[in-house]
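Take a look at the letters that make up each chain.
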Amino acid sequence: MSADELLALGDGAIAALAHGEAEVIIADTRSELTRFAGNEIHQSVAERSRHIRVRLIDGGRTGVGEVRGHDDRAIALAFAAAEDSRRVTSTSDVSPLPAPTPGDRDDPVAFAEATAAATPQERAELVSIITEAAAAHRVNAYGALSATTTTTAIITSAGLRRSATSTQASLVSVARGDDGGGYASRHSADIDALDVADLAAEVVDTCERNQGATAVDPGDYEVVLSPYAVTDLLEHLAWVGFSALAVQEHRSFMRIGEQLMSGSITIRDDARTPDVFPFPFDDEGVSTQPVTLIDRGVCRAVVYDTPTALQDGVTSTGHSMPQPNTWGPLPRHVAMDAGDTPWHEMISSVSRGLYITRFWYVRDVHPLRTVITGMTREGTFLIENGSITRPVKDLRFTQSIIEALAGVVQVSRERRLELGEGESGVLSPWLHIGRFSFTS
Amino acid sequence: MRDLSQRALDAASAAGASYADCRVINRTVQRLTVKNGVVASVELFEDEGIGIRVIAGGAWGFAGVDDLSAESVEETARHAVRIANASSRVNRTPVHLAPAPALVGEYRTPVGRDPFEVSLDDKVGLLMRTDEAMSHLPQIRVRECSLEFVREQRHFASSEGAALDQTIIESGGGLDATATSDDEVQTRSFPNSFGRHQVCSGWEAIEAFDLPGNAGRIAEEAVALLTAAQCPAGRMTVILDATQAALQVHESCGHPTELDRVLGHEAAYAGTSFLTPDLLGTFRYGSEHVTMTADSTRAPGLGTFGWDDEGVAAQRSVLVDQGIFTGYLSSRETAAAIGQVSNGTMRADGWARLPIIRMTNINLEPGTSSLEEMIATTEHGVYLETNRSWSIDDRRLNFQFGTQNGWEIVDGKRTRLVRNPIYSGQTPEFWGSCDAVAGPAEWHMFGVVNCGKGQPPQSMHVGHGAAPCRFRNVRVEPAG
Chain A
0 MSADELLALG DGAIAALAHG EAEVIIADTR SELTRFAGNE IHQSVAERSR HIRVRLIDGG
60 RTGVGEVRGH DDRAIALAFA AAEDSRRVTS TSDVSPLPAP TPGDRDDPVA FAEATAAATP
120 QERAELVSII TEAAAAHRVN AYGALSATTT TTAIITSAGL RRSATSTQAS LVSVARGDDG
180 GGYASRHSAD IDALDVADLA AEVVDTCERN QGATAVDPGD YEVVLSPYAV TDLLEHLAWV
240 GFSALAVQEH RSFMRIGEQL MSGSITIRDD ARTPDVFPFP FDDEGVSTQP VTLIDRGVCR
300 AVVYDTPTAL QDGVTSTGHS MPQPNTWGPL PRHVAMDAGD TPWHEMISSV SRGLYITRFW
360 YVRDVHPLRT VITGMTREGT FLIENGSITR PVKDLRFTQS IIEALAGVVQ VSRERRLELG
420 EGESGVLSPW LHIGRFSFTS
Chain B
0 MRDLSQRALD AASAAGASYA DCRVINRTVQ RLTVKNGVVA SVELFEDEGI GIRVIAGGAW
60 GFAGVDDLSA ESVEETARHA VRIANASSRV NRTPVHLAPA PALVGEYRTP VGRDPFEVSL
120 DDKVGLLMRT DEAMSHLPQI RVRECSLEFV REQRHFASSE GAALDQTIIE SGGGLDATAT
180 SDDEVQTRSF PNSFGRHQVC SGWEAIEAFD LPGNAGRIAE EAVALLTAAQ CPAGRMTVIL
240 DATQAALQVH ESCGHPTELD RVLGHEAAYA GTSFLTPDLL GTFRYGSEHV TMTADSTRAP
300 GLGTFGWDDE GVAAQRSVLV DQGIFTGYLS SRETAAAIGQ VSNGTMRADG WARLPIIRMT
360 NINLEPGTSS LEEMIATTEH GVYLETNRSW SIDDRRLNFQ FGTQNGWEIV DGKRTRLVRN
420 PIYSGQTPEF WGSCDAVAGP AEWHMFGVVN CGKGQPPQSM HVGHGAAPCR FRNVRVEPAG
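So the protein sequences, as listed, match chains A and B.
Going by numbering that gives the first Met the number 0, the letters in the first sequence line up with residues 0 to 439, in that order.
Going by numbering that gives the first Met the number 0, the letters in the second sequence line up with residues 0 to 479, in that order.
The hints are simulated quantities; they were obtained by calculation from the structure and are not laboratory data.
Do not rely on the hints blindly, as some may be mistaken.
[Claimed, not checked] Below, computed lysine to aspartate or glutamate pairings styled on EDC-like, alpha-carbon distance capped at 20 Å:
1) B:Lys412 x B:Asp434
2) A:Lys392 x A:Glu221
3) B:Lys412 x B:Glu378
4) A:Lys392 x B:Glu131
5) B:Lys34 x B:Glu131
6) B:Lys34 x B:Asp121
7) B:Lys34 x A:Glu248
8) A:Lys392 x A:Asp219
9) B:Lys34 x A:Asp311
Here the structure is a predicted model, which means the values were calculated and not measured.
I would like the entire structure built from these sequences, with the hints used as guidance.
In structure tokens form, the structure reads like this:
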């Protein structure tokens, strides 16, 4: 269905509401993905679904019902489930439905017709650019190319009507030789904008340079992190600290007004920038506002949804997840400001250190202190006297993110759009960091 | 369901599929959460759709849809064939499936009391009593407890003649108490961390957890952690409680024995494995105390069923036999690649996802020791309880785990509580240092409800039977 048709479906449901208030979220998704391994396609899949979520508020109680299904009865089922839920919830702390705000616009949205119309054959042809490049260099390529189109509509009895259709194309690849591998990825709203040949060249090049790695001793190293690795740092900061709920519950490292990071670090969330999969509203239908989270190293602000905004007596910044929830708001369009150093010049300024292509299996060890652990993967190189000299075996790191960002030496002027593990867009530069702790 | 599945199989065959199977799934989920004395959410979720998998031109294709009209199902089957044909133009090697009998039957999770027949009011009441039991300590900043119930009706049919109907029922619940001070945050959980403990069982499982009866103790432990000493650092003896042992099994045995990882199918995402086929039958994975099995017949684990998602019967396989690596988790396609037949571990996260190799119930078989005996015979070490963090490399060798709390052991006695413990190691060396596993009396089945794998991502519910176990000369240190 089109966005207008989904809005009409929601309008009909709201019009039939006998009493109380209601919010209806409808999302139609068409997602296809082609996966390859050993230079062949081993999995290729398609999914089409409709997800309906109804929030009912009546008599001071809130209930939620969810249905995935295209059946004509689906929306009625969701309302019935929400009413069953509402009857048993508490009568306190009901978060009200946001009212529409003058000037709300349902754009900009990350959308490209080419992504929405991409066929399995087209995906197979794009994948073959990588597999053929890999085969030509006698290595094997692995990865996935996805194309997703989602139409979302939010309709409430408070008069709010928002809708948007967005697309996302994502290509991730690993190349493996006899004794090492490489990694590269590209993401865009527009599948035609993915520079597949460039990705193929990068992943094969990294793979070929990463053969026969030898061990280096664990310890503290000066590092240059690629945007793939920086994305992990930014995503974990968002999860553990950039939420107003985390601050309210004393779980966040954010101490507003205090300088915790290098003056070269500015981190924003901006759902309107064309660089980070723009999307105009959150899961309450509130327009998402740009928020400067870290301003030249100083903790400046966190993001809000309606419940946390009410708690602090402010207005929502439009970063809500579906309400009600216990995990709070989340920035989903995080970007670190670019610096002015060409990324390859960072390497030339390192006398002895490591270049890290990517991290893997990054987990929070002590969220309040932003301590994380993880492994390097598919491209860890020793830097000596300003040049990459040899590949080294993967290392485990255990490191406080804010301490690492306090020690940033340079930020690159180039940035890349990445997808974090949580599949939110993150715009990341290369970072030159003075000290990073590797434990094994 | 049978009419729909036959329509899908017929449409796939007519479009050129040489093999087809489909799963029609109806899933109902209830999730209830109480946070800080308020019913934070009661979510009721219904989901129904069909997933159709085909081989055409020697390649796989898969398509799923939640519109179960005849026209939609037939078009989805044809789309699966189009996808397979597109892939076949790139591929050189046709898919080959190991033989499997085409089975017909029904299976239903045995339950004492169907959790969906328990009223929502009763469920909320239990959570409110649990919350109340944590509310007496001012240092507890966040109290959260939850219940989840799942009923999944699955119909599987294949062009080879299989027709299988299953109803799987899960019940889960848990609580978290988070204490804060000016410079510390500590969380304790029960019966397991990350939200809840879940099993294929009925309401009786929830009653056995006794959340209200344990809530006060757990809250007190969270507060005590705020001022506990930091975990000591060094190489020492480590005793894992059964929940942490279960996660250790999950990460360092379950994943590396997945044969699709071994064959490179997950190389770009989840990773590969150090357990390559040349090691099968000879590699010393652990000490003689270490035997691990995959057992989808072992109730009440979350990997318990009648048949997997390509129609292979539930079964028990030995993965590690007294320390020697002996087996994989396999599918019809991957088993054929190493000259075997499937041992039935293909599972999909609902109708919209392609079945891939997943853990069933991966168990550390019980030994002959006991927690009391292990502590009594430890000169210096730590007893670690309840996972807090976990990370392992893409070949499943280099790991680091953190737990919510630890107890220092000195001269055979559990002494002081310690906070922020982490331990690390290499998988074969770690399991090779295992010198004791507790016996059947302390062996329990646990559930992991957030096992991620695959692209697009799939989240699977898997089971792990485990008991407390002891390891020598392990690197231990405080986090943060």
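Status of the hints after comparison with the structure:
For the hint linking lysine 412 of chain B to aspartate 434 of chain B, the alpha-carbon distance of about 18 Å falls within 20 Å, and the restraint holds. With a C-alpha separation of about 16 Å, the suggested pair lysine 392 of chain A and glutamate 221 of chain A falls inside the 20 Å cut-off, and the hint holds. At most 20 Å may separate the alpha-carbon atoms for a hinted pair to count; lysine 412 of chain B and glutamate 378 of chain B meet this at roughly 8 Å. This hinted pair does not check out: lysine 392 of chain A and glutamate 131 of chain B have alpha carbons roughly 51 Å apart, beyond 20 Å.
Taken as a hint, the lysine 34 of chain B and glutamate 131 of chain B pair is honoured in the structure, with Cα atoms around 10 Å apart against an allowance of 20 Å. Taken as a hint, the lysine 34 of chain B and aspartate 121 of chain B pair is honoured in the structure, with Cα atoms around 17 Å apart against an allowance of 20 Å. Distance check on the hinted pair: lysine 34 of chain B and glutamate 248 of chain A sit about 12 Å apart at the alpha-carbon level, within 20 Å; holds. Taking the CA atoms of lysine 392 of chain A and aspartate 219 of chain A, the gap is about 16 Å. The hint holds against a cut of 20 Å.
With a CA separation close to 19 Å, the supplied pair lysine 34 of chain B and aspartate 311 of chain A stays within the 20 Å bound.
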